[in-house]
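My request is simple: use the sequences and hints to build the entire structure.
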Amino acid sequence: MAAIEVEGLAKSYGDVVAVDSVDITIEAGEVFALLGPNGAGKTTAVEILEGHRFADDGRISVLGFDPSTGGRAYRERIGIVLQEGGVERELSVREALSIYGGMYPRRLDADHLIDLVGLTEKADARIKTLSGGQQRRLELALGLVGDPDLLFLDEPTTGFDPSARRQAWGILENLTALGKTILLTTHYMDEAQHLADRIAVIDRGKIVAEGTPETLGGRADGKSVIRFALPQGVGPEEVPVSAITINGDLVEVSADSATRALHELTTWALGRGLELERLQVTRPSLEDVYLELTGEH
Amino acid sequence: MSTDLLRRPSLASLVWQQFRYQNRVFWRTPIAAFFTIVFPLMLLVLFTAIFGNEEIEGLGITTAQYFTPGLAVFAAVSATYTNLAIGTAIARDNGILKRIRGTPIPPWAYIAGRVASSVYLAFLAMALMMGAGVVFYGVQIIARTLPAALLTFVVGVSCFAALGMLVAAISPNGDAAPAITNATLLPVAFISNIFFPIENPPRWMEIAGNFFPLKAFAEAFRDAFDPTLTGSQFHWPQIGYLLLWGVVAGLLAARFFRWEPSAGSTSRRRRRDESKPVPA
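Sequence order for the protein chains is A and B. Residues in the first sequence are numbered consecutively from 520, following our numbering. Residues in the second sequence are numbered consecutively from 13, following our numbering.
Hints are computed from structural coordinates only; laboratory data are not their basis. All values derive from a computational prediction rather than experimental measurement. Where a beta carbon is used, it is the ideal one built from N, C-alpha and C, also for glycine. Some hints here could point you the wrong way.
[Stated by the list, open to error] Once the Cα atoms are required to be at most 25 Å apart in a straight line, the calculated DMTMM-like pairs of lysine to aspartate or glutamate come out as: (1) A:647 with B:187; (2) A:699 with A:585; (3) A:742 with A:729; (4) A:647 with B:272; (5) A:699 with A:709; (6) A:725 with A:549.
[Unchecked claim] Under 8 Å between C-beta atoms, here's a sample of chain A residues computed to sit facing chain B: (7) 569; (8) 591; (9) 594; (10) 595; (11) 622; (12) 727.
[What the hints assert, rightly or not] From the derived model, a few chain B residues whose C-beta atoms are all more than 12 Å from chain A: (13) 33; (14) 61; (15) 122; (16) 198.
Below, the structure is given as structure tokens:
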């Protein structure tokens, strides 16, 4: 059974449409990223699934529950890492995990969690003395303390510097090894690419593309681009393949078959005794696809 | 990773757990502990020093015998009304209430734990005040009127706990809550004869004093410690008036209570932090 099944999810605030007829299916054990720019409707969609907000329309089943009526039994099986969640600053890390863990019938051992998120040295420190990144890691541990079947992660690394983000990713990769279903929202493409099995791109409340990091937005069938510097004394018209564009001092060849085009080019260059400086073959990056999909050129 | 398989925790244990950790948070917040426990005791020391612990003319009881029960009520109201209002509004600002809503604890169990903690602290503050009065200032405790004192106290702190939750419910953010509690409690304490008995107050002051529930609470509680009075000292009109205020405040609080921070106040501290990268 799918962990999350959503059909026709819609939510408006007054005249502003936040989520517009969204369909999502997430299988158990899958890491699914909802990727989109700020204000795209990610948080609204996820907060509806968490039971924090009510949808205007749509059929929603999460772990077999309707989140708006699932109540205690539903919340015992999910973990939530909020974008702006807080925790009592006067408690220690261990106390907070013990108190929140005490609300669940199943719970993960506090010391194991503290190790998992790398707060071993801060276990007995007051939460108010933690750095921002440490507090986010504690929130991750709090999301896991009830040993959830499904974990919601709302922008888990927003505001992190690059090394803190790498560290957080390492922790999240450990989680996927536990077999948890994870719904992650992020506006960082590299984060979605790094962590997710599947990605849906959301923009202005609509899902505009869905797929694996490799296939998203037709990336697998997209044309390859061959680039090289035009050799001195050679005119663009002499290049033996069609569909070329000149970009600065680089020639760009957009090719359906990179192998054939490359063969033609190198045969031509060897025959003329030319060196193709700065030769490279690229596929459209996820970033290219994302920017195209969300219109952020 | 090990998973402890346990039964679903009982509701009573969830409330008990919240009660215990709200108490812990209270004692680790020195400013709250100071204003609730220490500050009213300082007022007792000051008042008896200023007025002298002589018999008050016209009342037939000593300064301490008059002030101690009133200040016990004031301390109890700080523990319930002020603490609940500020603590709950700040917990909402910090996203704690929103987190709680995402956990299995039933919302009422969380609120019950908070309220129970404040009521317990009110009893503690009252007991310390009366104890200090007895030990240092010769205040008399009258066994005959103790049942009335206890009932009045239970109803009174419940009423002010409900009012505290109402202030938490209507405060737009955690900064507004202390402003509201201070701007209401201090003036009302003055016109409710908490700090000193006002002789022949202006008519409007008397009406206002009688309208707010603090005077009913203080008078009913104080009379249970007045050795010149006879009878069991159950002040049923005052107790009924406190119940009425409490029920109305509780219903309004439930009606307007919010678990999410309001848009403007959403963790302003964190917003500011987001402009710069967070170190690991």
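Taking the hints in turn, this is what the structure says about them:
no.: 1; hint: A:647 with B:187; verdict: 19 Å, holds
no.: 2; hint: A:699 with A:585; verdict: 20 Å, holds
no.: 3; hint: A:742 with A:729; verdict: 19 Å, holds
no.: 4; hint: A:647 with B:272; verdict: 21 Å, holds
no.: 5; hint: A:699 with A:709; verdict: 21 Å, holds
no.: 6; hint: A:725 with A:549; verdict: 21 Å, holds
no.: 7; hint: 569; verdict: 6 Å, holds
no.: 8; hint: 591; verdict: 5 Å, holds
no.: 9; hint: 594; verdict: 4 Å, holds
no.: 10; hint: 595; verdict: 5 Å, holds
no.: 11; hint: 622; verdict: 5 Å, holds
no.: 12; hint: 727; verdict: 26 Å, violated
no.: 13; hint: 33; verdict: 5 Å, violated
no.: 14; hint: 61; verdict: 34 Å, holds
no.: 15; hint: 122; verdict: 9 Å, violated
no.: 16; hint: 198; verdict: 26 Å, holds
Of the hints listed earlier, those the structure fails to meet are numbers 12, 13 and 15, in rising order.
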